[in-house]
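K.L.:
Spelled out from the first residue to the last, the chains are:
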Amino acid sequence: MQQFKKMIMGALLLVPVVTLTTGCKKFLDRKPLSITTDDVKVGALEGQVLGLYGAVRNSKDQPYCGDGFENIPWVAMNGFRSDDAENVADPGASAWHQTYDNFQYTKDDWGAGLYWDKHYVFIGLCNDALDVAATNNYTDPASIVNIAEAKFWRAYSYFDLVRTFGDVPKIDFKIKNPADGNKAKAPAAEIYALIDADLTYAEQHLPAQWEAKFKGRLTSYAAKTFHAKALLYRQQWANALTLCKEVINSTQYSLAPQYWKIFKKEGELNSESIFEIQASKTAGDGDVYWSRLGQCQGVRGGSGAWDLGWGWNTPTASLEASYEAGDVRKDATILYSNQSDGVTNTGGYRQNPAQPDQRPLLE
Amino acid sequence: MKKNGTGSVSQSILIYQKVARIMKLTVAMLLFACLQVAAKGHGQERITLKMNDTEIRKVLFAIEKKSEYRFLFSEESVKGKPKVNVDVTQATLPEVLDRVLANTGISYKVLGTNLVVLKEGVNADAIISSEIRVTGKVSSSTGEALAGVSVSVKGTRTGTTTDANGNFTISVPDDAVLVFTSVGYESVEVAVAGKSSLTVTLKQSEKVQDAVVVIGYGTATKRDLTGSITKVKGDVIASQPNSNPLSSLQSKVAGLNIINSAIPGSTPDVRIRGTVSVGSIRPVYIIDGLFSDNMDFVNPSEIESVEVLKDPSSLAIFGIKGAAGAILVTTKRAKAGQLNINFNTSYGSKALVDKIQLANGDQFRSLLTFEANNRVADDPSNNSLLSFVNNVGGPGMSAFPGNTDWIDAVTRKAKFSNTNLSIDGSSERNRFHMGLGYSYDEGLVKHVRYDRLTINLNDELRVNKYWKIGFTLIGSKENLPYNSGALENARRALPIIPTGTKTFRTQNPYGIDSANFDLYSTTPIIQNSETNPLATLEYNWDKKVDTRYRVYGSGYVDINITKDLNFRSTWYGDLSFRENREYTPLYNLYDPTQPAASQVFAKNSLTAVRQDLINTKSFQQDYVATYKKRIGEHNLTAMAGFTTTYFKYDQLSGSLSQKTPGVNIIPDDERFYYLNTGFGDIKSIIPTNQNEYTTVSGFGRLLYNYKSKYFLNASFRRDGSSQINRDYSKKFQSFWALGAAWEISKESFMSNVKFINYLKLKASTGLLGNFTAQGKAYPAYPTISSSASAVFGDNLIPVYVPDYLFDPNLHWETVNSSEVGFEADAFNSRLHFEAAYYYKKTKDLIVLLEPAGILPTLTNNGSIENKGMEFTGSWTQKFSKDLSLTVGGNLTTYKNKVLHLEYPARKTISSSEQTPDQAQTGFPIGFFYGLVADGIYQSYADILASPVNTINGGGVKPGDLKYKDLNSDGKIDDNDRQMIGDPTPDFTYGFTTSLKYKSFDLGIDFAGCYGNEIYRVWGTSEQKNSVYNYPAYYTEGWTAAGNSNWVPIVNQNHLVNRAPSTYGIEDGSYFRIRNLSLAYTFVNLPKVTGIKNLRLSVGVQNLKTWKNNLGYSPEFAGGALSYGLDFGGAGSALPRIFTFGLNANF
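Chains as they are written, first to last, in the working numbering: chain A, 1 to 363; chain B, 1 to 1146.
Bound conformation, chain A alone:
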């Protein structure tokens, strides 16, 4: 009996002891039951640079850069404030819109705050990639292209900032300590100088073309075109014209034959696409690789049908009136609430596949 008791007792005491000595380390080693950076190969530089293409569109996960580049804040800054857009579809929703239309937003407003923050987060991602290249002294041709891509994206982000706010802090280095990011505003001219420098580098080092699997990746022509746009904002017409002519003369691009298709899935990366943030990868991908831009300014439906989005960014009457009668671009540009244009649930944009596009050429 006593012997038996001792045995049981020993066994009971043994359980924790065994767990302690042999199992503890293993027992406490719990890796996530889902993907981590340890489980995937993240390229040192190229991975980061490719990530910029996704980050600019990403409104789904951290760091939500897409909120600054194509969500409502972007529409507010670049649509509401313009002369082309006015009240949103829901009359009750007009108040917030109005603050942007009337330039009454403050730095702390949700939209302005996100716009600012996400642009700087994106610039941070660019700077991180450039820092990787600089610290590792990457000089191989592929890395040079990656550097050029990162510089393009940095310029892209700064261009949004400078044309929205004017003077903004210039962060062109990797922030290692949070305090490093507290910089005074730099004059707009200095920001433009950075944009010019970055784009010039990109023009020189980006390829003119990519193999098919990288269709839509940044090219030197994209850099030139974007640079031209940045020059136009400073009335540097001649320089802009030179760059544009280089793009035109490359004969790599041509106007799309059917204007309405530009706004459809099939119009992605078409012949006139020089630089594009794709709206979707393939149908059915949901919002993962989907642009929030389409969703937030899609026409708002009344009662269920023809409900393509949130109805922000409604065109003004003057924009509507500015189209000449019969201009087919109007149907593809302006959709009307509760007035389906037929064909599909997502709108046909008054397409008429039977007839070739009557689009007037712009030359």
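There's no promise every hint is true.
[What the hints assert, rightly or not] Over 12 Å on every C-beta distance to chain A, these chain B residues come out as not near it, computed from the model: (1) Thr369; (2) Phe504; (3) Tyr646; (4) Gln723; (5) Ser1122.
[To be verified] Using 20 Å as the maximum straight-line C-alpha spacing, the simulated PhoX-like pairs for lysine-lysine come out as follows: (6) Lys648(B) x Lys183(A); (7) Lys754(B) x Lys25(A); (8) Lys31(A) x Lys998(B); (9) Lys617(B) x Lys31(A); (10) Lys25(A) x Lys648(B); (11) Lys730(B) x Lys26(A); (12) Lys709(B) x Lys648(B); (13) Lys26(A) x Lys648(B); (14) Lys107(A) x Lys971(B); (15) Lys107(A) x Lys730(B); (16) Lys477(B) x Lys413(B).
For the record, the hints were derived by calculation from the structure and aren't laboratory data.
What you are looking at is a predicted structure, and each value in this text was computed from that prediction instead of being measured.
Yeah, the Cβ is synthetic: ideal placement off N, Cα and C, and Gly gets one too.
Guided by the hints, dock chain B onto chain A, whose structure is given.
P.N.:
What follows is chain B alone, placed relative to chain A:
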């Protein structure tokens, strides 16, 4: 058989000899009994002793130690006698005693064999007592056999204790008086008076300090502890009509602040001694030993007691889970020696009180007309609202002739019911308890209902003197309530929408035949972000099946290795499984603005099903050794243990939807509320996650006291957790606490202070841990998102970006906690009073630092301070045998301050009243940050004469709110914001009065809080993008110069009025009659009924609340950083509940 018996007795002798002297007599008796059988001849034992200048007492002890003689004497009699010198060799007892007791006036007599009685003031012949063997049984007033009761001879230190069945045997002089004492019971004295058999009943002590409280990994008498533990008895919880037991603790415990929710079954917002973190502030719930996140599944009727642990001395033993406090739940067990069947049932009726006041149909129409005109006056192009009002381009407002009180339309008188049956059976070896419970709790919103079925089983088998094994099983099935948001929708819905339905002959949306359908109206175009609240509720409430099963079980082996040393192993498992199924039905609404023939439209044209399977598994094993020892005046309880936990959560969710209207419709039948039924078109997996964590911990505690006067508690725990760090050595963190107490009332200098019966000073300090990491299951493994994958054409190049960066030195938040206080009884223990000052400093808050331009970094940064006082008091007055009154109360003060946060919680200053809360260095957590309203601009002249108002874009007009230019820079901007409110109350309090008259019990509980602010969000600008119904007070809005200086002009577009400001601030103080109950107990019912006693009760909860805000109630739960915000949600609509209850014991 006989041999075995003797063997075990002699073994116990070995043990007993090491025990305190109080046991010596028993030992002698037992030994005597054995030796009668075994041997003879100890009677003439010789004594050799040499002691100089020694107290008589010590000489006697020395003899006891060296011989089999046992002395029975009162310490008083030998005290103060001259010290003696003894030097004897091989002397007989009379030789020694005659010498020692010479000239002391003390005589002695040897009774029986070894029992020696000493008496003062009489000569030996006068000691006429003879030895008697007394056997007896001790039980509680409820008939429960009491084990471990100390039985001693009055005035001496000799005695014994009762065994597991309450029996004792003791040999004493026949004129002795026996004193029976037991922890938690009032002492009783019984004169032996020659009787050889005694039956003794002990009454439970009502003194707070005598209560046995459950502490981590053990129990202790409150008297022996240096911390603050409040025990709440189960009946306090069971008697209230709350499906969640936590709700019943409101205002009952100092330091425990509970903000209730009216959603049936939901967990209230619980904060113990303030808000300690920016992350999780939830206390740890320990249910019969198992660590849990909540106690929602526990049947309130099955709770024996709840202990609330608040101070470092009690909490350090919980390591990383201790910082936010602990709530220990002990479920009911069978009491020894009886069969008891209990049945109780209660039924209640709930009603909405303090309804928020909204505009009625006519008020709304006139306010809307005003606003529409005002918008056009501001901007002629802003005419969409006016078009609606004036029916431009078709019927608008005229199509909605309703005058609806939507809150009335969606609410009802709800019911509450709780029924339980429990059976306790116990024999010498076995104790069994079973409880069955069913309760349902309806919400005020129609169709909202929570159901719970529970079973509690536990059993303890005493295998032998050393071994006990047992198990506990709690099973529950909950039907979780449907939550449509109907009350929120009702507040927003325009009162011009009719509630009624209109009959249309139309196609069945499911595609089968036309028929007459009663359809609800749609909402007007100006509110097209909303739907008709009744339509949503009525069409959807029965389309959801949400069930949660939870099985909690534990088994233990408890071994008394020696009398002092106990070892207990417990293994726990807690499995929860939740299945949620939802169906999206097809239904039509009518649009009254359309021509009659085309009014019907499909609100929903595609069916869908969603299914969620959610599993949680939790396992725990505890190994605890407890050593309890009394050495002279030193009392020691040492405990050491080892525990591991494993937790896993996983969820699988998917949806099935229909692609094309009218094709492959999923039928509206619960049979098909699954993903794989053959109906529907598109199946997709809804992204969810799964995670697990483990902990390994060692812990120890020492409870020590000297003379039950000076107390010392020390505890330590070292926790290793899988989550916090990748590096094995950094997974571990240590926590400790040290406490001391001094029972001054036991000091001789206090013996003159007659009115104080008990006074104890206490202080403790320690380091606690907080298990929170910004909601990250794997803080050291940043989640990665592939949303940043690059897309080139149809080619997807996966790119994985970590969602945040992490600090390689990340560790759990720690709280330096300390308290000082005292406990006192006075005036014949009628008054009990406790007071404590607490101070807690949370360090190394885990935050996601998010500087502009880089990814957020998860790191330790920041600290918070909480401090305050707690007071608890009670007075019991017995007026007569029939009438007694108890008045009790508690009050807690709170002061919270964020000592450091690198960035304010809200980096951008909110322009919206929806987010007026902020946390930043130097201010209380979650404080309201905004402008100070200073009246209304009455005219343009007024505007011109005032500082320029630039808030929310400026552009102020007459009728808008004027704000104070706090920094006097001639401009009103964001720099003119300040702290305008604090959601943390200055103090909370509760008091209770209980009057007993014969068989009547009358109880009243009051609850309240003072000094906090509420931010009212609803009604002003909770949603900027739609027209909602106006609060009734908008009728007092500014319309022309001079007619309002507080409520601004009704025009949503005037954003200047929608910034966080004192306009939204309300006083959160309230006072409430929380519970009122009256009960009558029938005790002497006829035997035939089989009922031992029967209790009938009536009660009412939340009878009346005196409050100062416009919301449903003054209680607004939230998280660490954001609470006290009134969004007008259903959770704050606390009902008044009338109940009737019956409790019968068989």
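K.L.:
It remains to establish, for every hint, whether it holds in the given structure.
P.N.:
Here is what the structure says about each hint:
no. : hint                  : verdict
1   : Thr369                : 14 Å, holds
2   : Phe504                : 15 Å, holds
3   : Tyr646                : 8 Å, violated
4   : Gln723                : 7 Å, violated
5   : Ser1122               : 16 Å, holds
6   : Lys648(B) x Lys183(A) : 45 Å, violated
7   : Lys754(B) x Lys25(A)  : 60 Å, violated
8   : Lys31(A) x Lys998(B)  : 64 Å, violated
9   : Lys617(B) x Lys31(A)  : 17 Å, holds
10  : Lys25(A) x Lys648(B)  : 18 Å, holds
11  : Lys730(B) x Lys26(A)  : 14 Å, holds
12  : Lys709(B) x Lys648(B) : 46 Å, violated
13  : Lys26(A) x Lys648(B)  : 16 Å, holds
14  : Lys107(A) x Lys971(B) : 16 Å, holds
15  : Lys107(A) x Lys730(B) : 41 Å, violated
16  : Lys477(B) x Lys413(B) : 25 Å, violated
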